[in-house]
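J.: The primary structure of each chain is shown beneath.
Number of protein chains: 2
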Amino acid sequence: MATIKDVAKEAGVSITTVSRLLNNNNYISDSTRKKIRDAMKRLDYHPHQIARALSKKQTHILGLILPDSSHSFFGQLIKAIEMTAQSKDYKILLCNSLNDKEKELSYINMLKENRVDGIIMGSHALDLDAYKTIKKPLVTFDRYIDDTIPYVASDSYTGGQLATQHLIDQGCKQLLHISGPLKLSTFANRRADGFKLTCIENHIAYDIIESEYTKLSYSYFYQFIETTISSYLHKIDGVFCSNDILAYALYVYCIKHNINVPERIKIVGYDFCRFSRMLKTPRLTTIAQPIDLIGQILSKSLIDLIEKKETYNQQLSVKLIKGETT
Amino acid sequence: MATIKDVAKEAGVSITTVSRLLNNNNYISDSTRKKIRDAMKRLDYHPHQIARALSKKQTHILGLILPDSSHSFFGQLIKAIEMTAQSKDYKILLCNSLNDKEKELSYINMLKENRVDGIIMGSHALDLDAYKTIKKPLVTFDRYIDDTIPYVASDSYTGGQLATQHLIDQGCKQLLHISGPLKLSTFANRRADGFKLTCIENHIAYDIIESEYTKLSYSYFYQFIETTISSYLHKIDGVFCSNDILAYALYVYCIKHNINVPERIKIVGYDFCRFSRMLKTPRLTTIAQPIDLIGQILSKSLIDLIEKKETYNQQLSVKLIKGETT
Chain C
1 MATIKDVAKE
11 AGVSITTVSR
21 LLNNNNYISD
31 STRKKIRDAM
41 KRLDYHPHQI
51 ARALSKKQTH
61 ILGLILPDSS
71 HSFFGQLIKA
81 IEMTAQSKDY
91 KILLCNSLND
101 KEKELSYINM
111 LKENRVDGII
121 MGSHALDLDA
131 YKTIKKPLVT
141 FDRYIDDTIP
151 YVASDSYTGG
161 QLATQHLIDQ
171 GCKQLLHISG
181 PLKLSTFANR
191 RADGFKLTCI
201 ENHIAYDIIE
211 SEYTKLSYSY
221 FYQFIETTIS
231 SYLHKIDGVF
241 CSNDILAYAL
251 YVYCIKHNIN
261 VPERIKIVGY
271 DFCRFSRMLK
281 TPRLTTIAQP
291 IDLIGQILSK
301 SLIDLIEKKE
311 TYNQQLSVKL
321 IKGETT
Chain G
327 MATIKDVAKE
337 AGVSITTVSR
347 LLNNNNYISD
357 STRKKIRDAM
367 KRLDYHPHQI
377 ARALSKKQTH
387 ILGLILPDSS
397 HSFFGQLIKA
407 IEMTAQSKDY
417 KILLCNSLND
427 KEKELSYINM
437 LKENRVDGII
447 MGSHALDLDA
457 YKTIKKPLVT
467 FDRYIDDTIP
477 YVASDSYTGG
487 QLATQHLIDQ
497 GCKQLLHISG
507 PLKLSTFANR
517 RADGFKLTCI
527 ENHIAYDIIE
537 SEYTKLSYSY
547 FYQFIETTIS
557 SYLHKIDGVF
567 CSNDILAYAL
577 YVYCIKHNIN
587 VPERIKIVGY
597 DFCRFSRMLK
607 TPRLTTIAQP
617 IDLIGQILSK
627 SLIDLIEKKE
637 TYNQQLSVKL
647 IKGETT
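Sequence order for the protein chains is C and G. Numbering-wise, the first sequence is residues 1 to 326 according to this note's numbering. Numbering-wise, the second sequence is residues 327 to 652 according to this note's numbering.
Be aware that a few hints might be false.
In the BS3-like style, the derived pairs of lysine-lysine whose C-alpha atoms are separated by at most 25 angstroms in a straight line are [as the list claims (entries may be wrong)]:
| hint | chain 1 | residue 1 | chain 2 | residue 2 |
| --- | --- | --- | --- | --- |
| 1 | C | 135 | C | 56 |
| 2 | C | 88 | G | 427 |
| 3 | C | 103 | G | 461 |
| 4 | C | 103 | C | 56 |
| 5 | G | 635 | C | 5 |
| 6 | C | 5 | G | 367 |
| 7 | C | 57 | G | 635 |
| 8 | C | 103 | G | 360 |
| 9 | G | 648 | C | 256 |
| 10 | G | 414 | G | 331 |
| 11 | G | 360 | C | 57 |
| 12 | C | 9 | G | 414 |
| 13 | G | 461 | C | 101 |
| 14 | C | 135 | G | 648 |
| 15 | C | 173 | C | 215 |
| 16 | C | 132 | G | 367 |
| 17 | C | 300 | G | 429 |
Covered by chain C, according to a simulated footprint, are these stretches of chain G (three or more residues, beta-carbon under 8 angstroms) [said to hold, decoys possible]:
| hint | stretch |
| --- | --- |
| 18 | 335-348 |
| 19 | 392-398 |
| 20 | 461-475 |
| 21 | 490-496 |
| 22 | 512-520 |
| 23 | 558-567 |
| 24 | 593-606 |
Derived by calculation from the structure, the hints in this document are not laboratory data. Please read these numbers as outputs of a predicted model, since none were measured by experiment. Beta carbons are placed, not taken as given, at the ideal position from N, Cα and C, and that holds for glycine.
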């Protein structure tokens, strides 16, 4: 592979001059600059970013830990994070934790060893204390760790209110919310708070049932409905599901068991991810998160933190999308 | 951050001894090993992989260039690639090319500068010659470049045959195939060959219409059907679509325009990606690719190539999934 020495020789300039150009030093004439660039092209020379990383103590690599890139929501989030990072000259090391404690920990260690400049944490299997020891710029998706660590999330509390008020406005008298595990300090769990308070204020009877956060697939949700939710369905007339895949699984279960949607049971989801945007039968009633914007802000916040600029916690607004399931 | 010197001091051993342990040298007693490991833990010491990469000329990082991580097919592929790499102690730098020539080229240069050990190329916007200059271990998904570069693909030719024969067996007399741009030397385009030959052998009239490969979204496909495909629909009774999102968009178009599926027009897709696995209305008739296996083999082949083991081109078998659209 061509070295800086080869480039200098090919361009007929000194090594110092080439090095000046690589370090964006401006004291080089346009003609010299062109000579060097042409030589680099001819020799297929690429500056050695690993060596630069070592001398500058900066790799321009961000670590991204998420539960599952194959999930429609996270696939879209990854794209927005990566494209924003790329536009600011940062790269993404991607980690699928499957929400597994051991995996999450081993990824954190790997990212430290590889001296990433910072980490975006969208997987939440570990206890809060584990994240406090990371000692790297860190931004979380959807989880509050402490006041030193910025987070980005959608306004789940309002989302829970909107979904619940909509079900009540449509005439529901007995509601169910299917949440993730409520012991986790995620913002997503505020959907349950918004649900609960809206039910109480409207004197509506309600139940909350927790699903496992670690399993996000359609097949897990369908099975969960069969084993845990089905026995509730006779006594309720509206369900607020904490994500769209779950809402769709519930819809499919109902149709298969001759429970009319929306006449007998109304269903509201959450996310409006790429899957539910495509889905036409039924068009889900759901709470839309601005997924692309969340990804962009996650990237930007982490880079600001790395570059010592001011950062802010951000909760982004959500809105109700009226479909055919209510 | 703790250094190797701090660890040696904390453990009460020499720097050479710590360094021996880090390089997996076996001449260290178990008790010394334990002392050093404990000291590392107490000091939150992490070996400096960037410095190691520089001295060993190996980063243990793989570059992955794909069109779009938010697409259901690629999200699933990324997960399989990353998890296989992780199990072999390699990391993934993820790049979304959007099938754009300039983006693809700038990602290739970035990966070279960052001295990745190899590249998985699943985006195909550039001319073949551009890939030949990469001079790094390279494995492609779905494209033949030359005999020195291994590829992994599904057996698209057989897939095209299976889909077409199935449409004919169901009574279709006039078929349409909607392909990607056929000038690209991708294996996916062999679906069109399998389609064509099966039509000819069965004396069935056919058309092939090319869509743009660069745009993979539902909304693009739906618009493409409205502008380009709709005028053909009156004269055909079966369509083989080169992917499931396209097949679903066609189904939705037909239903909206009172064209009965499968009575009036039968539809077969390709992929059986996570989206179509979830979709229940309708269950698509489609050709299933083993997406997880393709991802696993892509990772493994590239790592084998990097580690100078023998590698092979692999075309993986596909099968017909009978749904409700035929």
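J.: Confirm or reject each hint.
T.: Here is what the structure says about each hint:
Taking the CA atoms of residue 135 (chain C) and residue 56 (chain C), the gap is about 18 angstroms. The hint holds against a cut of 25 angstroms. With a CA separation close to 19 angstroms, the supplied pair residue 88 (chain C) and residue 427 (chain G) stays within the 25 angstroms bound. Taken as a hint, the residue 103 (chain C) and residue 461 (chain G) pair is broken in the structure, with Cα atoms around 33 angstroms apart against an allowance of 25 angstroms. With a C-alpha separation of about 30 angstroms, the suggested pairing of residue 103 (chain C) with residue 56 (chain C) is violated against the 25 angstroms cut-off.
Using a Cα cut-off of 25 angstroms, the hinted pair residue 635 (chain G) and residue 5 (chain C) is violated, with the two alpha carbons roughly 33 angstroms apart. Among the hinted pairs, residue 5 (chain C) with residue 367 (chain G) is inconsistent with the structure: their alpha-carbon atoms are about 42 angstroms apart, more than 25 angstroms. Annotation: proposed proximity of residue 57 (chain C) to residue 635 (chain G) is violated, straight-line Cα distance about 34 angstroms (limit 25 angstroms). At roughly 23 angstroms between alpha-carbon atoms, residue 103 (chain C) and residue 360 (chain G) fall within 25 angstroms of each other, so this suggested pair holds.
A hinted pair counts as satisfied when its Cα atoms are at most 25 angstroms apart, and residue 648 (chain G) with residue 256 (chain C) qualifies at roughly 19 angstroms. A distance of roughly 29 angstroms separates the Cα atoms of residue 414 (chain G) and residue 331 (chain G); the hinted pair therefore is violated under the 25 angstroms criterion. Straight-line distance between C-alpha atoms of residue 360 (chain G) and residue 57 (chain C) comes to about 30 angstroms, which puts the hinted pair past the 25 angstroms bound. With a C-alpha separation of about 41 angstroms, the suggested pair residue 9 (chain C) and residue 414 (chain G) falls outside the 25 angstroms cut-off, and the hint is violated.
Restraint check: the Cα-Cα separation between residue 461 (chain G) and residue 101 (chain C) comes to about 39 angstroms, which exceeds 25 angstroms; the hinted pair is violated. Of the supplied pair hints, the one linking residue 135 (chain C) and residue 648 (chain G) is violated, its CA atoms being roughly 53 angstroms apart against a limit of 25 angstroms. Using a Cα cut-off of 25 angstroms, the hinted pair residue 173 (chain C) and residue 215 (chain C) is violated, with the two alpha carbons roughly 30 angstroms apart. With a C-alpha separation of about 16 angstroms, the suggested pair residue 132 (chain C) and residue 367 (chain G) falls inside the 25 angstroms cut-off, and the hint holds.
Between residue 300 (chain C) and residue 429 (chain G) the CA atoms are separated by roughly 20 angstroms; this keeps the pair inside 25 angstroms, and the hint holds. Closer than 8 angstroms: that is the beta-carbon criterion, and the stretch 335-348 of chain G has 0 residues meeting it against chain C, so the requirement of 3 is violated. Interface restraint, the stretch 392-398 of chain G with chain C: holds (5 residues with C-beta to C-beta distance below 8 angstroms; minimum three). For the stretch 461-475 of chain G, the stated coverage by chain C is violated: 1 residues have a C-beta nearer than 8 angstroms to a C-beta of that chain, whereas at least 3 were required.
Residue count for the stretch 490-496 of chain G with a Cβ under 8 angstroms from a Cβ of chain C: 0. That is fewer than the three needed, and the coverage hint is violated. Coverage of the stretch 512-520 of chain G by chain C is violated [criterion: at least 3 residues with CB-CB distance below 8 angstroms; count 0]. Here's how the stretch 558-567 of chain G fares: 0 of its residues keep a CB closer than 8 angstroms to some CB of chain C, so the rule of at least three is not met and the hint is violated. For the stretch 593-606 of chain G, the stated coverage by chain C holds: 6 residues have a C-beta nearer than 8 angstroms to a C-beta of that chain, and at least 3 were required.
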